[in-house]
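Peer 1: If you want the building blocks of each chain, they are given just below.
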Amino acid sequence: AQSVTQLDSQVPVFEEAPVELRCNYSSSVSVYLFWYVQYPNQGLQLLLKYLSGSTLVKGINGFEAEFNKSQTSFHLRKPSVHISDTAEYFCAVSANNFNKFNFGSGTTLNVKP
Amino acid sequence: ETGVTQSPTHLIKTRGQQVTLRCSSQSGHNTVSWYQQALGQGPQFIFQYYREEENGRGNFPPRFSGLQFPNYSSELNVNALELDDSALYLCASSLNRQGGNEQFFGPGTRLTVL
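From first to last, the protein sequence lines are chains L and H. Residue numbering for the first sequence is 1 to 113, as defined by the working numbering. Residue numbering for the second sequence is 1001 to 1114, as defined by the working numbering.
What you were told as hints is all true, and nothing was included just to trick you.
Okay, the calculated beta carbon distance ranges per label pair:
#1 H:Leu1083 - L:Leu56: 37 to 47 Å
#2 L:Pro79 - H:Ala1080: 42 to 52 Å
#3 L:Gly62 - H:Arg1063: 37 to 47 Å
#4 H:Glu1052 - L:Val29: 23 to 33 Å
#5 L:Lys69 - H:Leu1011: 41 to 51 Å
Away from chain H, derived, C-beta distances all over 12 Å, residues of chain L:
#6 Ala17
#7 Arg22
#8 Asn24
#9 Ser26
#10 Ser54
#11 Leu56
#12 Gln71
#13 Thr72
#14 Ile83
#15 Ser84
#16 Asp85
#17 Pro113
Note that these hints are calculated values from the structure, not bench results. Remember, predicted model here, so these are calculated numbers, not experimental data. Yeah, the Cβ is synthetic: ideal placement off N, Cα and C, and Gly gets one too.
Please model the entire structure based on the sequences and the hints provided.
Peer 2: Here it is, written out as structure tokens:
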């Protein structure tokens, strides 16, 4: 079975500052990793995904994440955040043989002016 | 290309009632997954349908059931509603059931059980 731990439930940050949202996973098989964003009263939107290849993955809205197999981590970063980045962010993992997502409990990113 | 749609947007039911939620998958997608998202939590996998058959189930009781139709749209049925069933129910479609396929999520149905 796969599981995800998002280490920070809330991350407050000032506008134009850098941010890192942390995600650790556990699995006994090869995994695929995803970051989704959820704005208030909306569904989930894919930010980026790691399937294979380069461990540095670039996504939409200036976000990127790095897959670290030895540390079983997939942290999300953005060098300069905007007010509009305020949302809930979910890390998710799926196994290589079944397309079921296991989500973390989410991190609320609160960007302050 | 239309995205994933869900109906209704909001629903209020009383304990013990039954509810049916509907989902239309993205064009070309044959796999639909349902998730329950309680307030302040991440989505929890309920089950997945692939080509009209259940293709995996999470830790949910049998009163949670589903269907997938030939056009790959899907329904989630919940019987004997309990207060803890209050949540956002998300439907997601993907190109197939293999791992690594992006799941496209609908806006969700907010169910309130009183």
